[in-house]
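J.: Assembling the complex is the task here: the two chains are given apart, and the hints tell you how they should meet.
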Amino acid sequence: MDNISFTVKEGEILGFLGPNGAGKTTTLNILSTLLRPTSGTATVNGHDIRTEPDAVRRSIGYVFQDTTLDIDLTGRENLDFHGRLYGLERNTRQQRIEEVLEIVQLTDRANNFVKTYSGGMKRRLEIARGLLHHPKVLFLDEPTLGLDPQTRRSIWEHIVHLNQEKGVTIILTTHYTEEADYLCKRILIIDFGKVVVMDTPDNLKARLEGDVVTLLFKDPAAIVTFRPLLENKEWIRRINIVASGNNYAAISRMMQDHQNPKHPVADNGAQFGGETCSKCLNLLVDNGGHRIPEIVKLADETGVVLESVELRKPTLDDVFLTVTGRNIREEEGSIVDMVRRHRIMQQARGHGGRG
Amino acid sequence: MKHEMAQPLSGQAIYVVLMRELKRYWRAKARVVSSVAQSFFFLVIFGLGLGGFVGGFEGVDYISYMAPGVIGMALLFGSVFSGVSVVFDRQFGFMKEMLVAPVSRTSIIIGKILGGATTATIQGIILMVVAGFLGAFTPSLAFLAGAVAGVGAMLLITSGFVGLGVAIGSTLNDFHAFQLLSTFVMWPLFMLSGAFFPIDVVPLPLQVAMLCDPMFYGVELLRWCLLGTGTQLLGPFGLLISIGVVAIFDILMIVIGTFQFSRAQI
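Quick mapping for you: the protein sequence lines, in order, are chains S and A. Sequential numbering of the first sequence, starting at -9, is according to the working numbering. Sequential numbering of the second sequence, starting at 109, is according to the working numbering.
Excised from the complex, chain A in its bound form (with noise of 0.2 Å):
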């Protein structure tokens, strides 16, 4: 449609998409306690498990090198649901409103990759506090200053993803393909993240499987922010690498999930 893409974007629209989904994000209790402690778990459950037993990595316990891959973890679950839930919407026929009204395509995604963005960067950041109560963290100002870079990691991070959602959610027609986005995208993204373990202890085609991820320069540049270590397999330009990656796959993902969308029909 190409007649879409050339209306100019209406900031009160992109607003008010934005702030729907934080409307219903607060609303949705459940959903948030359900998450953290879900990550909770991992946290307590494996940090003294695996912790006992590995002992740490990159010079830190287990349970601080495992916090900043929890937290990854939530972004990319939150963001990527977020993304598809285009499809709610356009089962529950609230699409139909957004797409009969006189603004572009263009700027409902962008409302809605910012609404998923700031979501799931808000559970990120709940996690990161209950993770600092866990001791995953040692106060300090750096990890103060840490912190504040980190929520701006997170955005950058979640953006991609919620992209990448909204990419899947307008291909999709029913909620019967979760279960295979969740087993086929979502766990291994995760898995590969590099959230439970460095990239420099697992078999070379695991590592290459590890640089294809994009939630692995995620996981980098969280860890970066959070605990200021990062894997030597990177080099001195790890955390470059790492942000232009990650800067690289949002905007791929914005431009393929808003081209999506754009065609979807409804």
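In isolation and in its complexed conformation, chain S is listed as follows (with noise of 0.2 Å):
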């Protein structure tokens, strides 16, 4: 981690969004005192994480991105555990046990093996189990990593519940942007553990005016002659192939970057869109909707044959790309990145010692 300063308001869903191994985790895991700052430090509920780590612990709920539960165990007695371990007396412990499983819709599963669950309900029991000492914060790390589209949406539901319901301050790591989108107030773009921009999604989209109109080429080496008319017209802001995933082309387009600062390419933000796809080009277009007739009758007159025409305003995905130079779903997909990933995680570690 790099000089990571923020603060988060009390009632207030703050979003990490980043990569895997963007440091977010890492984060997590000192503001909870599992770890310890190399310098610096930070107050959680008031109470400084390096002096005071039992009050920090008293303060905050942190449902771990990995399950933690204890699968042997029952629902109920792993929430029972958790409520002898944070020091509940009895009555307080039994009441809270019903109410967090009440929250989460597992009463009717409490007696139940935890090793009979689906993922879905081992989250669920897993955030039940965060907020049964109440919590003043809530740390979810990646709340819905692996869980299919519906159980996501549950989830999602249950988390602006508390927030606005019980008025739990929710600090979550996602690497999905329309996770951020959907749940937080503010989100803080976090890449290579450093905070690139941190901001309302609202206002981050509005950074980048105009419309995106994503072509597909019938034929991907039109690319090259169609780009460059392209270029000079002075209502498309930005231009981009769409990243293809393939090493390759990540790598040249890296060299491409640094041997020609003055190419649109190399003006770190020239890239959008969120699937990969190597016939598409994006362009971030004042006015979107007035110009597509304008581009589709330039592709007839140099006989390039567009498959389709696509407009829509920019997503958070096109943020990312925008702020940070890079596809946040392609992380698998460039060797540069890995190399640089691992070079920055050695030097955490070498800097960051034992926690």
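Errors might be hidden in some of the hints.
Here are the simulated DMTMM-like cross-link-like pairs (lysine to aspartate or glutamate), alpha carbons at most 20 Å apart as the crow flies [what the hints assert, rightly or not]:
(1) K137(A) to D62(S)
(2) K269(S) to E221(S)
(3) K303(S) to D138(S)
(4) K112(S) to D138(S)
(5) K131(A) to E224(S)
(6) K126(S) to E79(S)
(7) K105(S) to D197(A)
(8) K156(S) to E88(S)
(9) K223(S) to E300(S)
(10) K287(S) to E224(S)
(11) K112(S) to D321(A)
(12) K105(S) to D62(S)
(13) K126(S) to E168(S)
(14) K(-1)(S) to D38(S)
(15) K303(S) to E168(S)
(16) K137(A) to E67(S)
(17) K195(S) to E300(S)
(18) K131(A) to D62(S)
Read the hints as simulated data drawn from the structure, not as lab findings.
T.: See below:
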């Protein structure tokens, strides 16, 4: 982690958005006192993480990325274990267990062994457990990782409910842009251990003025001839070949960036689009709807065949690409990134030492 | 992690970790059955096989002589593996749940040691009954008193070995080392414990090795309690020496286990 600084307001949902290995979990581990920071400090609910780790631990609930339930115990026993560990009195404990089971709708399965639970149920039980001791702040590390869309949606509803009805402050990490968009009041985009930007989802998207127009070419080779024609249109703000996920392409693109800084691709943030596609070109266009006929006409005149044209508002994916220069879903795609991340991790370990 | 060690002990935390061990033990019936059966086979087959050949040692039948040793084996394996189970807790994530709670690691480890010692001792008691039915012990009031003392001895013996297991488990990172642990730690400790033969029938180098094995004193202690016999080699203070060695081993292992556990990364 490299000089991260932020504050979260009471009753807010703050999201860390970034690819795997960006340093999101490390940040949560430091805030929860599982790791000690090499320098700097933080206060959680008014308690210093370095000098008052116990008070911090009492103020937080932490739902880890990987399941941390004892699958040989029942749901209720897992909650009871937690309640005792946090020193809740018998009456309070039993009452709270019923309450949190109710919140995540697991009351009828509470006496079953956790090994019989589905992925979504385990997740809900962990969220319930994180809430048991009335934490002021709830940490959720990738709350919907590996869950199917329906379960993800239901977890989201639970999170929103907790925040709005129960007033729990929530800090979550995710690498799903739609999750950050849906849940978070403010988003902190984090990459290679650095905070790149922090703002509300709407403000982030508003930074990209205009619309995203995606052109799908019949022949990928046509991109090379067509692209220069677009580069001198003043109403096109940015152009990008949608990342193909191909290592060679990623490397050559990066080399190109370094050799030719004036080239549009080099403008750190010339990439758009969520899905990867080797036959696509993404344009950020003022007033996109009005410009489509002009683009199609230009294609006709030059004999380039377009298979389809898509128009949409910029999403957080586009924002992520713009501010980091990388596609959030592309993280395994590029050797360059892998090498870079590896190096950074090593540095972090070298400096970090033992927690 | 100095700030961890400085935290006060939490009775509630010790209790809950202990209870978890007991619940898990009670539910892993297959493990209990297989361990009891294994010891049963030792008692019957070795008892009959070797017994017919050697007759007995120290004035008792061979099966009687061997019974405390076989109980010792169950205690040893049960307690070390119970301690080593911190590896599983780490692998399956439950460790994080315990470490992020506002309790000291020392509380967690004391709960773990008490739990492991209790479950291994339950195992020992079951075997004591089984051996009794096989005719290893003479039913009498003296034996009953000895058996009660034996339960105390079992708790004393197992605590240290759970600590040893925790110390090893905290440094292991995967399950592959289990085989090594079993071959190079558990079996030598067991075979040198004098479970099957008295120390004075073996050559000197082996005697020295046996005297270095804490489990040797554990088995001695059990023989004192259950049979009223003990090796002459330790002299008139054999009982006190055995208790002393086991107690020192306990303290050492609990300290080392707690230290290793506190150092371990999540």
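J.: Look at each hint and say if it fits the structure.
T.: Here's how the hints hold up against the structure:
Straight-line distance between C-alpha atoms of K137(A) and D62(S) comes to about 13 Å, which keeps the hinted pair within the 20 Å bound. Distance hint between K269(S) and E221(S) is fulfilled; the C-alpha atoms sit about 18 Å from each other, no more than 20 Å. Using a Cα cut-off of 20 Å, the hinted pair K303(S) and D138(S) is violated, with the two alpha carbons roughly 26 Å apart. In summary, the hint linking K112(S) to D138(S) is supported, as the alpha carbons are separated by about 13 Å, within the 20 Å threshold.
For a cut-off of 20 Å, the pair hint linking K131(A) to E224(S) is broken: about 72 Å separates their Cα positions. For the hint pairing K126(S) with E79(S), the CA-to-CA distance comes to about 19 Å; that is within 20 Å, so the pair holds. Proposed proximity of K105(S) and D197(A) is supported: the alpha carbons are some 15 Å apart, at most 20 Å. Distance hint between K156(S) and E88(S) is fulfilled; the C-alpha atoms sit about 16 Å from each other, no more than 20 Å.
As the CA atoms of K223(S) and E300(S) are separated by approximately 19 Å, the hinted pair is consistent with the 20 Å bound. Between K287(S) and E224(S) the CA atoms are separated by roughly 17 Å; this keeps the pair inside 20 Å, and the hint holds. Between K112(S) and D321(A) the CA atoms are separated by roughly 45 Å; this puts the pair beyond 20 Å, and the hint is violated. Of the supplied pair hints, the one linking K105(S) and D62(S) holds, its CA atoms being roughly 7 Å apart against a limit of 20 Å.
Between K126(S) and E168(S) the alpha-carbon distance is near 26 Å, which puts this suggested pair outside the 20 Å criterion. As the CA atoms of K(-1)(S) and D38(S) are separated by approximately 16 Å, the hinted pair is consistent with the 20 Å bound. Only pairs whose Cα atoms come within 20 Å are accepted, and K303(S) paired with E168(S) is accepted, the gap being roughly 14 Å. Using a Cα cut-off of 20 Å, the hinted pair K137(A) and E67(S) holds, with the two alpha carbons roughly 19 Å apart.
Between K195(S) and E300(S) the alpha-carbon distance is near 18 Å, which keeps this suggested pair within the 20 Å criterion. The straight-line distance between the Cα atoms of K131(A) and D62(S) is roughly 9 Å, inside the 20 Å bound, and the hint therefore holds.
In the structure shown, a violation is registered for the earlier hints numbered 3, 5, 11 and 13, in ascending order.
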